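Given next are the chains, with one letter for each unit.
2 protein chains.
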Amino acid sequence: MENYNPLIIQRADPYIYKHTDGYYYFSASVPAYNLIELRRSKTISGLAHAMPRTIWRKHATGTGEESELIWAPEIHFVNGKWYVYYAAAHTTEFDANGMFQHRMYVIECDATDPMETEDNWVEKGRVQTPLDTFALDATVFEHQEHLYYVWAQKDPEIFGNTNIYIAEMENPWTLKTTPFMLTKPEYEWETQIFAVNEGPAILHRNGKFFLTFSGSATDENYCMGMLYADEDSDLLDPASWTKVDHPVFTSDVEHDLLGPGHNSFTVSEDGQKDLLVYHIRNYADIKGDPLYDPNRHTMIQEFSYDTDGFPVFGSPVQFTDLSN
Amino acid sequence: MENYNPLIIQRADPYIYKHTDGYYYFSASVPAYNLIELRRSKTISGLAHAMPRTIWRKHATGTGEESELIWAPEIHFVNGKWYVYYAAAHTTEFDANGMFQHRMYVIECDATDPMETEDNWVEKGRVQTPLDTFALDATVFEHQEHLYYVWAQKDPEIFGNTNIYIAEMENPWTLKTTPFMLTKPEYEWETQIFAVNEGPAILHRNGKFFLTFSGSATDENYCMGMLYADEDSDLLDPASWTKVDHPVFTSDVEHDLLGPGHNSFTVSEDGQKDLLVYHIRNYADIKGDPLYDPNRHTMIQEFSYDTDGFPVFGSPVQFTDLSN
Chain A
11 MENYNPLIIQ
21 RADPYIYKHT
31 DGYYYFSASV
41 PAYNLIELRR
51 SKTISGLAHA
61 MPRTIWRKHA
71 TGTGEESELI
81 WAPEIHFVNG
91 KWYVYYAAAH
101 TTEFDANGMF
111 QHRMYVIECD
121 ATDPMETEDN
131 WVEKGRVQTP
141 LDTFALDATV
151 FEHQEHLYYV
161 WAQKDPEIFG
171 NTNIYIAEME
181 NPWTLKTTPF
191 MLTKPEYEWE
201 TQIFAVNEGP
211 AILHRNGKFF
221 LTFSGSATDE
231 NYCMGMLYAD
241 EDSDLLDPAS
251 WTKVDHPVFT
261 SDVEHDLLGP
271 GHNSFTVSED
281 GQKDLLVYHI
291 RNYADIKGDP
301 LYDPNRHTMI
311 QEFSYDTDGF
321 PVFGSPVQFT
331 DLSN
Chain B
11 MENYNPLIIQ
21 RADPYIYKHT
31 DGYYYFSASV
41 PAYNLIELRR
51 SKTISGLAHA
61 MPRTIWRKHA
71 TGTGEESELI
81 WAPEIHFVNG
91 KWYVYYAAAH
101 TTEFDANGMF
111 QHRMYVIECD
121 ATDPMETEDN
131 WVEKGRVQTP
141 LDTFALDATV
151 FEHQEHLYYV
161 WAQKDPEIFG
171 NTNIYIAEME
181 NPWTLKTTPF
191 MLTKPEYEWE
201 TQIFAVNEGP
211 AILHRNGKFF
221 LTFSGSATDE
231 NYCMGMLYAD
241 EDSDLLDPAS
251 WTKVDHPVFT
261 SDVEHDLLGP
271 GHNSFTVSED
281 GQKDLLVYHI
291 RNYADIKGDP
301 LYDPNRHTMI
311 QEFSYDTDGF
321 PVFGSPVQFT
331 DLSN
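So the sequence lines, in the order shown, correspond to chains A and B.
Using this note's numbering, you'd call the opening residue of the first sequence number 11 and step up by one each time.
Using this note's numbering, you'd call the opening residue of the second sequence number 11 and step up by one each time.
Keep in mind the hints are simulated off the structure, nothing from the lab.
One should not assume that every hint holds.
Treat identical chains as interchangeable: a pair holds within one or across any two.
Below are the BS3-like pairs computed for lysine-lysine, each with C-alpha atoms no more than 25 Å apart in a straight line [said to hold, decoys possible]:
id : residue 1 : residue 2
1  : LYS134    : LYS283
2  : LYS283    : LYS218
3  : LYS297    : LYS91
4  : LYS297    : LYS134
5  : LYS186    : LYS134
6  : LYS164    : LYS68
7  : LYS186    : LYS297
8  : LYS164    : LYS186
9  : LYS134    : LYS52
10 : LYS134    : LYS164
11 : LYS52     : LYS253
12 : LYS134    : LYS91
13 : LYS253    : LYS28
For clarity, every value in this text was computed on a predicted model and none was experimentally measured.
Please model the complete structure; the sequences and the hints are all you need to start from.
Structural data, given as structure tokens:
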């Protein structure tokens, strides 16, 4: 597999899911934060040229929930139906804590082809958690017939912006258990400018669950951290999870590979190689609010495992040389 | 040359300029209509993965001119400096004629690398024409030491939305002569849903100037028309120009190649082949205002000439098959 990097221009928070129909499905934040779109291709490189279909649009500005800043949609296939988890705000203003006001939502589609028409997508509403605070970046995974929900949320009692939680789900839009906090920003590398743990992603390999996440401000300080748990442990028990004390994937400032993070995982076309999907910036001198700078780009690269079965992500690959 | 089509996802009104530094520079409308960006690559196919740089941002909403709907930026190199011509409105609302309220503007950069930083770009303000009406889609070209400006504008005295005009320029931001109208929407193929002539592009070949433009509504009715003039004629004289009575490039509805238009021209890497650049839609069932549907994509394809030296554009090429 030879892929260009960046793979996809101006798509942040990238998520790639390889379905049983042979297609790679791709969802991500769009620069206007105004809609959810999907694209698909039978090859990863083809995603760069695959024509998106809009599957959901934000509610009209000023009408309340889900009317602004649609972030980090992830497409999942659960119990034979399609779901997209995303975060949305009712305003672009900050709350009293100086934070955005996102909550988490989900839409459902029971058609075979999730890109056929947006008419096939139904709003299942907000995913409720006990705390009514800034919440985002939900992902789900299944294990031994349990469905788990993992996300980032603010707790007013805890220093910093967001921590990462896990809960079991009763169905794809409702939690069954209380949330359990798995990690909060505590080390230097996850508290640069902002104390943040967000963008969780799950990798199930070698008898373990690995949970990667992103820490610090979303500039060149942004980086990936990791937790792991034995696959037979109680995944809802924070004591089952161990947090690696150092970041596992960071900027390469010399080559303008800045702030790699908000990752997901997929596999190569032949199913033999694990691939890391993430976004990156290629310049630091951003004018104005970085949120409205569209130039976070989707990257993809192989990674390997050490002799203990732990993933070794290495460093961000160089941008493809386009001069030939 | 083997290029994927679409070449670039979600870029409308595409403009590609091959500079003396060996780079192809690309400018186009972005889906959020909020900024002007450039990308460049030494190959055309590389433009799909080339990382854009923002070079100018719209003024803040509510502050007057150039604060909304930045459309159709074109990058040109004139007298040793870079210019980008674009249209902008002061509001997203319609005027009394039910039309958008764009006027034409230009920015200038005297750095060698136009992508180095947006700090190098200076606003030269509005390009004034005698009529204070909806105006957009400006392009410029030089011939025998004269600089010409070609654009689309509403004349309240003429039926329809916009006509196409030419004038000579005193400098890259000021007209020297009055405008001369070269074409207005009159045939059936340029008056479907809306009577429109817009998106002019200039091709100088075989002793002639060819002026292509786009007509009708921007759905599957959108198509390209053409005028031509002898290169030695007075280009400001409408009588020098002959309008072809039929469209020269239209939809292929059977293959979902819909509304090709707003074209520009470039040449292959070896300089031997002329290439047509345009945008297209791939589905007709758009929800809501088509203006806010981001899925107009940049296409590129070769074209040839007939025995009289006239361009033969053929039909839109099929989308590249991404299933392998």
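Evaluated hints:
no.: 1; hint: LYS134 <-> LYS283; verdict: neither (35 Å within a copy, 53 Å between copies)
no.: 2; hint: LYS283 <-> LYS218; verdict: within (17 Å within a copy, 56 Å between copies)
no.: 3; hint: LYS297 <-> LYS91; verdict: between (42 Å within a copy, 23 Å between copies)
no.: 4; hint: LYS297 <-> LYS134; verdict: between (38 Å within a copy, 21 Å between copies)
no.: 5; hint: LYS186 <-> LYS134; verdict: within (16 Å within a copy, 60 Å between copies)
no.: 6; hint: LYS164 <-> LYS68; verdict: within (23 Å within a copy, 33 Å between copies)
no.: 7; hint: LYS186 <-> LYS297; verdict: neither (44 Å within a copy, 36 Å between copies)
no.: 8; hint: LYS164 <-> LYS186; verdict: within (20 Å within a copy, 61 Å between copies)
no.: 9; hint: LYS134 <-> LYS52; verdict: neither (29 Å within a copy, 47 Å between copies)
no.: 10; hint: LYS134 <-> LYS164; verdict: within (23 Å within a copy, 46 Å between copies)
no.: 11; hint: LYS52 <-> LYS253; verdict: neither (35 Å within a copy, 45 Å between copies)
no.: 12; hint: LYS134 <-> LYS91; verdict: within (13 Å within a copy, 54 Å between copies)
no.: 13; hint: LYS253 <-> LYS28; verdict: neither (28 Å within a copy, 51 Å between copies)
The structure is inconsistent with the numbered hints 1, 7, 9, 11 and 13, although it conforms to all the rest.
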